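Q: The lines below spell out each chain.
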Amino acid sequence: MITRFRQIEMRLMGPLTMIPIVLCLVVLGTIAALPVVATILSELVADFVPPALQHLTIVVLGTAGFVGILALNPIYSIWLERKVAAHVQDRLGPMRVGWHGLLQSFADGVKLLFKEDLVPRDADRVLFGAAPMLAVASAFAAFAIVPWGVREDGTVLAVANLNIGVLYFIAITSLGALSVLMAGWGSNNKYALYGGMRAAAQMVSYEIPTAILVLVVVAQVGSLSIPEIVNAQAGGILGVGDWLIFQLFPLNLIAFVLFFICGLAETNRTPFDIPEAESELVAGFHTEYSGMRFAFFFLAEYGNMLLVSMLAALLFLGGWVGPFGSNPLLFFVKGFGLVVVQMWLRWTLPRLRVDQLMGICWKYVIPISFFLLVVTTVIKGLL
Amino acid sequence: MESMASAAIFYGVAALVLGSALYVVVGRNLVHSAFALVAAFFGVAVFYVYLGADFLAGAQVLIYVGGILTLLLFGVMLTNRIYNLNLRSGAIQVVPGALSAGLVFALLVWIIQSVDWGAMDAGDPGPTSESIGRLLVGDYLLPFEIASVLLLIALMGAAMLVRRRGSRS
Numbered sequence: 007m008i009t010r011f012r013q014i015e016m017r018l019m020g021p022l023t024m025i026p027i028v029l030c031l032v033v034l035g036t037i038a039a040l041p042v043v044a045t046i047l048s049e050l051v052a053d054f055v056p057p058a059l060q061h062l063t064i065v066v067l068g069t070a071g072f073v074g075i076l077a078l079n080p081i082y083s084i085w086l087e088r089k090v091a092a093h094v095q096d097r098l099g100p101m102r103v104g105w106h107g108l109l110q111s112f113a114d115g116v117k118l119l120f121k122e123d124l125v126p127r128d129a130d131r132v133l134f135g136a137a138p139m140l141a142v143a144s145a146f147a148a149f150a151i152v153p154w155g156v157r158e159d160g161t162v163l164a165v166a167n168l169n170i171g172v173l174y175f176i177a178i179t180s181l182g183a184l185s186v187l188m189a190g191w192g193s194n195n196k197y198a199l200y201g202g203m204r205a206a207a208q209m210v211s212y213e214i215p216t217a218i219l220v221l222v223v224v225a226q227v228g229s230l231s232i233p234e235i236v237n238a239q240a241g242g243i244l245g246v247g248d249w250l251i252f253q254l255f256p257l258n259l260i261a262f263v264l265f266f267i268c269g270l271a272e273t274n275r276t277p278f279d280i281p282e283a284e285s286e287l288v289a290g291f292h293t294e295y296s297g298m299r300f301a302f303f304f305l306a307e308y309g310n311m312l313l314v315s316m317l318a319a320l321l322f323l324g325g326w327v328g329p330f331g332s333n334p335l336l337f338f339v340k341g342f343g344l345v346v347v348q349m350w351l352r353w354t355l356p357r358l359r360v361d362q363l364m365g366i367c368w369k370y371v372i373p374i375s376f377f378l379l380v381v382t383t384v385i386k387g388l389l
Numbered sequence: 058m059e060s061m062a063s064a065a066i067f068y069g070v071a072a073l074v075l076g077s078a079l080y081v082v083v084g085r086n087l088v089h090s091a092f093a094l095v096a097a098f099f100g101v102a103v104f105y106v107y108l109g110a111d112f113l114a115g116a117q118v119l120i121y122v123g124g125i126l127t128l129l130l131f132g133v134m135l136t137n138r139i140y141n142l143n144l145r146s147g148a149i150q151v152v153p154g155a156l157s158a159g160l161v162f163a164l165l166v167w168i169i170q171s172v173d174w175g176a177m178d179a180g181d182p183g184p185t186s187e188s189i190g191r192l193l194v195g196d197y198l199l200p201f202e203i204a205s206v207l208l209l210i211a212l213m214g215a216a217m218l219v220r221r222r223g224s225r226s
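Chains as they are written, first to last, in the numbering used here: chain A, 7 to 389; chain B, 58 to 226.
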């Protein structure tokens, strides 16, 4: 019994005590710096570019920044994941390629580029080829509405400042389920099909509580626009008091935890990774994929991880507002911090069974989120 | 320049919608047809964007692509005859079919030509979600509630149909 507690303690404390986490935050900081650089650039060009073209400049720089992030993100996220995994399991992880294995993922990326592109003989070629593209497209397209700050004149720094931001997010992420189904079917492999079916059932189920929890936020703020949701969280004690997670305590805290759980489920991360459960389904929906197509699925998975983390940070943790005023860097620290939490959970929790997964969604998460929606709306109406 | 690009995108999407919708009907592979339907629904969402109906576009993708189609694919993949499906009816009546299709087409053209659609000026019509919300819980509250009760009945009916008889779990 005591050893069991020791084990749990080690699992929980392992990633906290690890030194490389400091390193990885530095690395992630450099990635995160890209849009910040874009922000500074946009400040600079504000003096040179005529007002009519300023929005266009922000869009171009923002797109470049996010494409940069999304291209670099999996490389360092995979390195980080391996490091977190290693330290949870009392190992060192990649150490050989570069300092503390920093260049390991680049080496792996080059390896994937040169791998043979295999297509099974009986595969449905059209769907087999289209699935990785759809996966990446849905992951990348969703980043269009992720804002990373506001300028002093009130201009929102985002590729597209949509009035229906959160609705767009929910809609686009639902395309991910289609790509997984497509891959599962196109591979013509029973394990892949099982994986695809499980993923579709899981994503469709967890989309419902995600949408309801987003509605909890929307009902309190009174807007579907993400910048307005963030601006409503500015101020309060120490600059963090008005973050949504601290409002109407503990209702919004529960909403945040549930939103994060749904995010884990929608991105097929452990403990919800049954679509690719290695011990049951070989590799699930991407069993037959190799080389670059396989890499595309990883690009999409890590992109989605970052997306749900950033959305959770924007909706509940105040996005770019905080104790040091409004700062895009703060937003990226929050976003990547939640990514680290996702990895930590992956190596701490065991995988759920299919029926447990559905049970959690339909019997607990959905009723609780409906309860939260009703209660927060009523309280908001009474105040 | 901008209107040229806009028109090019519009006609491209229109071709995509019509082409994929045609494939849904004539395709011999059920799964391919279902995925072609994705393209059709998505293209319609693009049209909503063109019309300035931002909320409707989001809802279109969310409900049709994310919800209905995923469930449809689920169903299609669990059926056993997917390839080389022959769904023609025994008696093919070309002349009445073509005649009624032509009549409907002529009717639609006549309606589109003769009705004053109250077209707005080009430009950003602004956010629509707030006015939609006010109308739904204001003027159109009763139809909205009736629709939701109908959906609830459908949900309960579905649960009733798939319930295993005799099992108490």
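Treat the hints with care, since some could be wrong.
[Unchecked claim] Among the chain A residues that face chain B by a calculated CB cut under 7 Å, a handful are:
#, residue
1, Val125
2, Leu173
3, Tyr174
4, Ile176
5, Asn194
6, Tyr197
7, Ala206
8, Gln226
By construction, these hints were calculated from the structure, which means they are not laboratory data.
A quick note: this is a predicted structure, and the numbers were derived from the prediction, not measured.
Cβ coordinates follow ideal geometry from the N, Cα and C atoms, glycine included.
Q: Work down the list of hints and note, for each, if the structure agrees.
A: Now for the hints, and whether the structure bears them out:
no. : hint   : in the structure
1   : Val125 : violated (17 Å)
2   : Leu173 : holds (4 Å)
3   : Tyr174 : holds (5 Å)
4   : Ile176 : holds (6 Å)
5   : Asn194 : violated (11 Å)
6   : Tyr197 : violated (14 Å)
7   : Ala206 : holds (5 Å)
8   : Gln226 : violated (15 Å)
Checked against the numbered hints listed earlier, the structure breaks hints 1, 5, 6, 8; every other hint is satisfied.
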